[in-house]
Every structure is written in C-alpha cells, then in structure tokens.
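Here's the letter readout for the chains.
2 protein chains.
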Amino acid sequence: MKQEINIAIDFMGGDDNASFVLHGLRLTYEKYPESRFQLFGDEDLIRSKIKNFPDLQNISDIIHCETFVRMDEKPSLSIKRGRGTSSIWKAIDSVKNGKSDIIISAGNTGALMAMSTLILKTMSEIQRPAIAAIWPTINGETIVLDVGATIGSNTKQLVDFSILGASMAQSIFDLDQPRVSLLNIGEEEMKGLDEIKKAHDILKSGSYFFNYQGFVEGNLIGKGVSDVIVTDGFTGNVALKTAEGTAAQISTYFKDAIDRSLTAKLGYLFAKSAFQTLKDKMNPSRLNGGVFLGLNGIVIKSHGKTDPTGFSSAIDLGIDMHKSSLILKIQKNVNELNKELNFD
Amino acid sequence: MKQEINIAIDFMGGDDNASFVLHGLRLTYEKYPESRFQLFGDEDLIRSKIKNFPDLQNISDIIHCETFVRMDEKPSLSIKRGRGTSSIWKAIDSVKNGKSDIIISAGNTGALMAMSTLILKTMSEIQRPAIAAIWPTINGETIVLDVGATIGSNTKQLVDFSILGASMAQSIFDLDQPRVSLLNIGEEEMKGLDEIKKAHDILKSGSYFFNYQGFVEGNLIGKGVSDVIVTDGFTGNVALKTAEGTAAQISTYFKDAIDRSLTAKLGYLFAKSAFQTLKDKMNPSRLNGGVFLGLNGIVIKSHGKTDPTGFSSAIDLGIDMHKSSLILKIQKNVNELNKELNFD
Chain V
1 MKQEINIAID FMGGDDNASF VLHGLRLTYE KYPESRFQLF GDEDLIRSKI
51 KNFPDLQNIS DIIHCETFVR MDEKPSLSIK RGRGTSSIWK AIDSVKNGKS
101 DIIISAGNTG ALMAMSTLIL KTMSEIQRPA IAAIWPTING ETIVLDVGAT
151 IGSNTKQLVD FSILGASMAQ SIFDLDQPRV SLLNIGEEEM KGLDEIKKAH
201 DILKSGSYFF NYQGFVEGNL IGKGVSDVIV TDGFTGNVAL KTAEGTAAQI
251 STYFKDAIDR SLTAKLGYLF AKSAFQTLKD KMNPSRLNGG VFLGLNGIVI
301 KSHGKTDPTG FSSAIDLGID MHKSSLILKI QKNVNELNKE LNFD
Chain A
1001 MKQEINIAID FMGGDDNASF VLHGLRLTYE KYPESRFQLF GDEDLIRSKI
1051 KNFPDLQNIS DIIHCETFVR MDEKPSLSIK RGRGTSSIWK AIDSVKNGKS
1101 DIIISAGNTG ALMAMSTLIL KTMSEIQRPA IAAIWPTING ETIVLDVGAT
1151 IGSNTKQLVD FSILGASMAQ SIFDLDQPRV SLLNIGEEEM KGLDEIKKAH
1201 DILKSGSYFF NYQGFVEGNL IGKGVSDVIV TDGFTGNVAL KTAEGTAAQI
1251 STYFKDAIDR SLTAKLGYLF AKSAFQTLKD KMNPSRLNGG VFLGLNGIVI
1301 KSHGKTDPTG FSSAIDLGID MHKSSLILKI QKNVNELNKE LNFD
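Top to bottom, those sequences are chains V and A. By the numbering used here, the letter at position 111 of the first sequence is numbered 111, and the numbering carries on one by one without gaps. For the numbering used here, count along the second sequence from 1 and bump the result up by 1000.
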C-alpha cells in the first residue's frame, strides 16, 4: 500500500457552486487510490452532495467552516472576515499543521495568495511568491511565471522566479537541467527594462542547476523553446490572458467558417476526429491550475470556471509536486544559489 | 482629377531585398491613382528593378541615397552613420520639407523611430511618440498602443496615448466617439500599477471626445470590446507578440490534425473554402504596419518580412490617415484636452 496523500480542498471556491469538485476528486481518486481528502466548507452542504459519492465518503473528512470568501472580495477584506474561520484559511492551515500535504482552491485568487503568504510564509531567501502557469506549446509544456502575484518585479525577484520555476520544471518535467529564459521585447541585449537587463547579467554570469538561455519574445512562448519563462506578474498575466483570448478568437473564426456552408459542414464531419485532437490541444484544462511557488507548502489555484477534468488535473499536478518533494528541492536550490548570488 | 498624394518610400528596408516593394506600390496605385512615389535608396538598384514596372516609372521619382541602415543596427549607430545620407533619413526629411505627405519603411524599427523623432519632432504637449498596431478582433479591428516605442509609461504618457489612439480611431474607423480602455490585469479598480490607476482616474473623471470604458484584461482584446486599448510599450509588445505566437501555434496544430489521416484530408478538401476564410482572418497583413503616433508627420512601419499585399495595405493606411487630416486632428484634440488635464 502506497503512502497516503492528504489533500485539503476548499469546497466553497469556484463559480457554478463548485459542482465540479466531487466529480474531479473521483477522477483523481481513480488515478491515485492513495488520495485522502479533507473537505473544508459548510458541513450540511458537503454532506448533501457527497452522499451521491459513496466511494469518496470513505476517504474524506469534512471540516465545517463558518465563513467563506466571496469570489470578488478584496483580499484585505477576506482576511478581516475570514481569518481563522473561512474554508480557504482553514484548508491552508491544515497544510501548515502537517495534516494535509497540498491545498487546492478554485476560489478568490487574491485571497488565496494573501492567506497562503500569511499562514505558510515565504521561503527563506525568497522575497515574493509567484504564480506559475503551465503553458501548452507545440513541443509540450512550458512553465511561465509570474502570471499575477507580483506587479513589477525587481532583479532579485526575477532571479528568484528563475530558481522557483527551474525547480518546478525539474519536478514535473523530470529534467536535470531545465532551460530558463527571460521574457523581453527584443532578443538584442540593448532592449528591455533595467531590472530585466540586470537579472539577465546575473543569470548568464554564473553556472547554476539550470541552463539560462537569455531573452525570448512573446511569440516564442508557444514554440516551446524553453522549459521556464520568467517575467513579472503584470506582463505574465497580460501574456497569459492574451493567449487565451487569441485561442478563443480563433475558435470563433473556426466555428463561423464551418457554419458557413453545407460542404464545409460535411468536410467537418469527415475531419471530425482530427479536429477533436485540435480541440484537446487547445483545451485549457491542463493549463488550469496556477501553482503558488516560493511558499512553505504546495498551494494550487484552480480556475473558478472549470470542469471535473480541469479540477482533477490541478490536484494531480499538486500530487506530482508533493511526490517529488518539490518544496525541499526548491529550498535546497534557493539556499545553494543565494550563497553565490550578489544583489546590490 | 484628385489631388496628388506624395508617398516617401524607404526602398532599402525589409528582409528579402525588399522584393515586395514595387509589387506593393502597384497595388496601391491601382487603388489610389492619385499616388506619387518618392523612392529613396541606391539609384542603380532602383532603376534596375523599376524598369519592369513602366506604370510606376511615370509616377515615381528616384532619390539616390549613399547609405542605408542595417536591420540589426543599433539606433544610436544608425544615426551616427546615416544622418543626412541614409534612405530612411532622407525619406523622413521629405515629409519634414513638405515634399511628401507620408513615409513608409520596412526597415529597422528603432532607427525609424529615432530618426523620425529627431527630424519631425514630437507634437507639442506630447511627451513621447507611440507605435499603434491594428489588432484584428471578432468584430473588426482595435487599435492597440503602445506596442514598442516606450518602455514603462507614466500617467501623462498613458493619457497621451489615449488621445492619440482615439484620434486615429476617429480617422480610420470613422467614429465620432471611439471607445477607449486601459489594459490591466484585473477589472477591479484595486489592481494594477500606480501609473495605470492614476491614468484611469484622470480618464474617467472628465468628458472628452472619446468614451473611456475603464480597464480590460488581455483576453478581451480579441473580442473587440473597445476601439482603442492603451498600454505601455513593453506590455503592448509582449501582448502583440504573444497573440502572433498563439495564432502560429494553433496553425501548427491545425496542419498536424489535417495531416494525420486520409479522412481528415478529404474533409479538409470539402471544407477548403471555409478554411480559406479562416486563414484570411488570421492573415497578419492588415495588422502589418505599425503607425507612429505623436509626431509632426505620418510615419508607417511595415513588417520587414511582408508581401506585396501587406506592404500595400500599410501604405493604404497612411493614405487614409493623410486624407482624414489625422495630424491636424490629433493636434487639435491634444491642445483641447491638455487645457483640461492636470498632471501633478
């Protein structure tokens, strides 16, 4: 029997009454029978829903929480209202107390980040936590960070993000020397912001556990030229959202093109299985799940609007990272590098 | 007979020996017979090429230039080497002297911007020029600026860009009250950089010639929710390149899906005309051509890698703007607004 993995679930987060949660947990349980779930939320609500999932009932604890954080609540207010009582807070706290190995929420991102930072604390030598996204590329996947935790990053933070992202790439892509790049607006060294240029100078001057490759521009993210792409949270968030928007835009064009004529519809039927592959590749499910890096614990943010597969894949990612001892790996990498690095 | 429009062409810019230039000019001439071209570059080269275009020979002047700017040259070096002698410099100078109405180059963007700013000067009350891109959306087109001239913009510059972009939208989309939005990472007012928040406060507090709509996130650009989307040049460049990269990535998926089976190929044949429409929509030709705004003259940058249609559409855009007296319109809008605005 494999060692149990304890997973804290914020049951109250997400749109559409989080109807995807239990179906998602079942998918994860089928894949990882060693899963055990701690469900944080309104006890009556959880009991009324879980009774249709007898397999999950046996492996889940329900922890009643008096409050929950609204999706649109400001983080400062959510902490005032939900400190010690809300489902997000208590779920994170169970990681802090060692009762859970990872925590997943489809709730309010800002509140999840603020509470995670308060409870779990930032790792020593790391200035600010980051949100890492897994970006599908034509060759596989790339980790892009930060996609929204920081606004405007200094040089030290960009170097921190390189270490965090490269450690994650080692874990989930199983790579020895991940390739790391900095997002910039020109490949020439002359361009870009001062803090990015300085981070570039630091990263290229040393020999680290990752392979620093220099600058990349936004058009290369989807080409899979690097395993990790580092940027500040403002730029990363705009890039991620713009890519999502462009994919949605092209889907609309595609549907319009198919609907235009009978022959086009007929052609679509012939090519349907091929287009299913295309649709799967454009499916953001695997991208679902921002990972909070730089904290003393594994925190995963699932999209608020997701489906069982998306929610389950976010959990699976957390399980992957737990099994590969990501937190220990990061702390070791951070400690080793910070001895060598010098930020003035 | 319509009034002649004089168009200065940097003959030496662009990849692939600028083979698209004369074919592009012919397309523009067919559409606008009032076009007259000033061709700046190596006289022998131009003569050897234009002899195959007798229709263009009659309406073109050739202005010999001793030097030209390389595509990868640093702007500072290009000014040192090419001041007064290079094809870009002399072409811009012809706008300054009133001999040309607009200037188009497919050459080095940084050099074109640096020389344009030196020669034509920034408009009074405008701090920095911007590069505006025309972004295809599911409803039509949106102007996005700045996409690369500035790195990190202050509040005044973001408000300037709103005025510049809205004036351009009035001209090329023929709108009375264009909708203007600021690109940000959350729709809530709490998020974003300080300078963006301050620009937001200024824009929403007054009543201007455009309709300020607040913040938009990256995923909404392609939905056509606004006529003008304003951001700093770093973020705008990353967003534009990321959108291009995502479109290219999906094209690759699409080709792979079609190539996977015989039935898929057959289906593709049936639906071919529909997919042609799709391909046309994803064609960046119409997006080709960044417009430099905020200078005392119309300067258009064409992509270095373009084709005759793309080059011609960049010129056509310049003709549109000239015919609608864009520069006068901008200066009027800028003067009126700057009386009302107060930047501390």
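It should be emphasised that the hints constitute simulated quantities derived from the structure, not laboratory data. Any given hint could be a false lead.
As the list claims (entries may be wrong) - If you want the footprint, here are the derived chain A segments under chain V, 3+ residues with CB under 8 angstroms:
| hint | region |
| --- | --- |
| 1 | 1049-1056 |
| 2 | 1168-1179 |
| 3 | 1229-1241 |
| 4 | 1253-1264 |
| 5 | 1331-1337 |
As the list claims (entries may be wrong) - EDC-like cross-link-like pairs, simulated, lysine to aspartate or glutamate; straight-line CA separation at most 20 angstroms:
| hint | chain 1 | residue 1 | chain 2 | residue 2 |
| --- | --- | --- | --- | --- |
| 6 | A | Lys1074 | V | Glu217 |
| 7 | V | Lys74 | A | Asp1320 |
| 8 | A | Lys1332 | A | Asp1320 |
| 9 | V | Lys74 | A | Asp1174 |
| 10 | A | Lys1272 | V | Asp176 |
| 11 | V | Lys305 | A | Glu1217 |
| 12 | A | Lys1255 | V | Asp256 |
| 13 | V | Lys204 | V | Asp55 |
| 14 | V | Lys197 | V | Glu217 |
| 15 | A | Lys1329 | A | Asp1174 |
| 16 | A | Lys1223 | V | Glu125 |
| 17 | V | Lys272 | A | Asp1256 |
| 18 | V | Lys332 | V | Glu217 |
| 19 | A | Lys1323 | A | Asp1194 |
| 20 | A | Lys1265 | V | Glu125 |
| 21 | V | Lys339 | V | Asp194 |
| 22 | A | Lys1197 | V | Asp72 |
| 23 | A | Lys1074 | V | Glu336 |
| 24 | V | Lys265 | A | Asp1320 |
| 25 | V | Lys223 | A | Glu1244 |
| 26 | V | Lys272 | A | Asp1259 |
| 27 | A | Lys1305 | V | Glu217 |
| 28 | V | Lys223 | A | Asp1256 |
| 29 | V | Lys197 | A | Asp1072 |
| 30 | A | Lys1223 | A | Glu1141 |
| 31 | A | Lys1197 | V | Glu73 |
| 32 | V | Lys255 | A | Asp1194 |
| 33 | A | Lys1272 | V | Asp194 |
| 34 | A | Lys1223 | V | Glu244 |
| 35 | V | Lys265 | V | Glu217 |
Please read all numbers here as calculations on a predicted model, not as lab measurements. Beta carbons are placed, not taken as given, at the ideal position from N, Cα and C, and that holds for glycine.
Among all the numbered hints in the text so far, which are the ones the structure does not match?
Those not satisfied are hints 1, 2, 5, 7, 9, 10, 13, 16, 18, 19, 20, 21, 23, 24, 32, 33, 35.
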